[in-house]
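Protein chains in written order, with our numbering: chain A, 1 to 175; chain B, 1001 to 1465.
Keep in mind that the hints were calculated from the coordinates and are not lab data.
Be aware that a few hints might be false.
Label-pair restraints from in silico Cβ distances [claimed, not checked]:
#	chain 1	residue 1	chain 2	residue 2	range
1	A	I40	B	L1326	28 to 36 Å
2	A	P150	B	H1211	57 to 65 Å
3	A	T65	B	L1318	50 to 58 Å
Counterexamples of contact, computed for chain A against chain B with all Cβ distances above 12 Å [as the list claims (entries may be wrong)]:
#	residue
4	L23
5	S31
6	I37
7	P41
8	V64
9	A68
Computed from a prediction, not measured in an experiment: that's the story for all the values here.
Cβ coordinates follow ideal geometry from the N, Cα and C atoms, glycine included.
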Amino acid sequence: MSDPAPGAARDEGAAVVRRREFLTRVSVGLSAWGAAIVGIPFVGFLVAPLFERTAQVWRAVGPVTAFAVGTTTEVAFPDSSPLPWAGVVARTAAWLRRESDDRFIAFSVNCTHLGCPVRWLPDANLFMCPCHGGVYYGDGTVAAGPPPHPLPRYPVRVRDGQVEILTSPLPITTG
Amino acid sequence: MRILRRAWAAIDDRTGLSHALGPVLRHPVPPAARWYYVLGSATLFAFLTLVVTGIALALAYIPSTNDAYQTLQFISHQAPFGRVLRGIHYWAASAMVLLIGLHMARTFLMGAYKYPREANWLTGVVLFMVTILIAFTGQLLRWDQTAVWTVAVVAEQVGRIPAIGSAVAHFVLAGDTWGGQTLSRFFAFHVFFIPAVIFVFIAIHLWLVLHHGISEPPQAGRPVDPKTYRAWYRAMLEREGEPFWPDAAWRDIVFGMCVVTAIVLAAIVLGAPELDKPPDPTVLNADPRPDWYLFWYFGALALIPPALENAFMILSPLVAGAVLFLIPFVSNRGERSPARRPWAVGSVLIVCMMIATLWVAGVQSPWSPDFGAPPLPTAVVAVSAGPVVSGARLFHDKGCEACHTIAGLGGQRGPDLTDVGDRLTPAEMTSQILNGGTNMPAFANNITPGQLDELIAFLKTRVRH
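Modelling step: build the complete structure from the supplied sequences, incorporating the hints.
Laid out in structure tokens, this is it:
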């Protein structure tokens, strides 16, 4: 056994340090790689609803003759792309007002304040919201309370004697 | 007996259990620990109760928008122990929200968040926030009519965030509107994502309590000085410290088990809230209300002036969170005793009074129309025929009664009209009805002159006897 030259020991010490630095980098890098290849699909799946775009479709809600002129009635129809397990939640409601022989208005049932379902009081000719007391006139304009906008409207048309409503996203009042 | 003792000795030797846990259990704590130290551990006991009952409920609950409501009916009304398990889960959630709030107020009032325990406070703030989130998502899992409309209310609120509001709303709904994906995501948040955060932060929080030691009861005139505090604290423990187990821990156990017993009693006697109607968004006779701990926020949303609403919905949670996070950075030294910190005591009092006031307003919710008010009975109308009777009928049919009270019947949005005949002339009544007011619809296009005459004829008779 002969002692190595002092210079060689220094070289060897430096090599050990370099080796440890290298191993640290490899380990941290590989861990990051593992986290990334699992994490990307995880995050992607989590935010997937942001990138799903569903085509809106026309839904028949009843024959024209079912709605008397001057009345406002609740109609129900399936939303644009119901999933098989969605059940009743895939159903959407609208308040359908027949203005004249050929003119219909379909109001969203969601109050523009915070989205609660407005009720139609036929004799009073008013929509009222149960949550914070928003009130709308029969044409959807705000009559009282906190709603910032009139009731939103769905596109509506008459085809082959049927009233049809175009499905729409839940109306969100933006800031 | 000897066999058992030898078996334990062998197990302990091979696992190192008492080596690992002994010092933790017996770590020295300041003497004369007080009863008000038990709120944190009671919060933990409530959380553990939630984990256990949550796991049990998951045996039957199906997080699909089609089936969840039926499985909840099964749990609540059919499955043995189902009703009481749901009750325990509900009341433990209520207890956890309440206890974590009290624990936070206590540590703030006693200055326990000051040096060196700033990180204890910060991890506690995170735990407080995710506790509100998990309680709220749990309310949605009830998946009845109220839950469905509450999702819409949440989507509307996040929708007010500038620029990214509609994207966040889309994320909350998991689509354009409610659908098959909405509930399974809230379920995953409630049982996996948020509990994972809670477990991690409880671990850090407890580690910090051990690392810095439990804060000693504050004493007026003994301020915290970061330069000397640690040495002083260590010397105090060496001089007069007591082992945590059992000298201090027995209080945690006594109070914690009282809380657990109260939760189970409430579950047996009161049960969980009854399920609302099924989650059908086309059933519009809905009256969504949050659970009790958010009633005050529900009240705030009704009472805030519309012009400030966007700012309020977005800024108030942000500002509240920021203030809580900044507390230990603003004041981490000096007096700890509430007797020397009037601003701290005052701010806690103000927050409590604000929440209590809004809470009472939320419970009464005078702004909500009373849809169920019956037509005024003959005893109230006091006449049996003629325009006064038709007017009284119109008072109901035209929706007046939804917002105005007469003789105790009707809503509270507008003024009580029991003796309106004493206060307003017929001309003033006519003007008010036709033109409306700040929070009253104008009826000019909604009422015929004949109906108006009848309504006025009726209102004129509303005088004090």
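Outcome of the hint check:
1. A:I40 x B:L1326: 28 to 36 Å: 35 Å, holds
2. A:P150 x B:H1211: 57 to 65 Å: Given about 58 Å between the Cβ atoms, the range holds.
3. A:T65 x B:L1318: 50 to 58 Å: The hinted range 50 to 58 Å holds for T65 of chain A and L1318 of chain B, with Cβ atoms some 53 Å apart.
4. L23: 28 Å, holds
5. S31: Given a closest Cβ separation of 18 Å, the condition holds.
6. I37: 20 Å, holds
7. P41: 15 Å, holds
8. V64: With a cut-off of 12 Å, V64 of chain A remains clear of chain B, as the shortest Cβ separation is near 21 Å.
9. A68: Its Cβ never comes within 12 Å of chain B, the nearest being 18 Å, so this holds.
Checked against the numbered hints above, the structure violates none of them.
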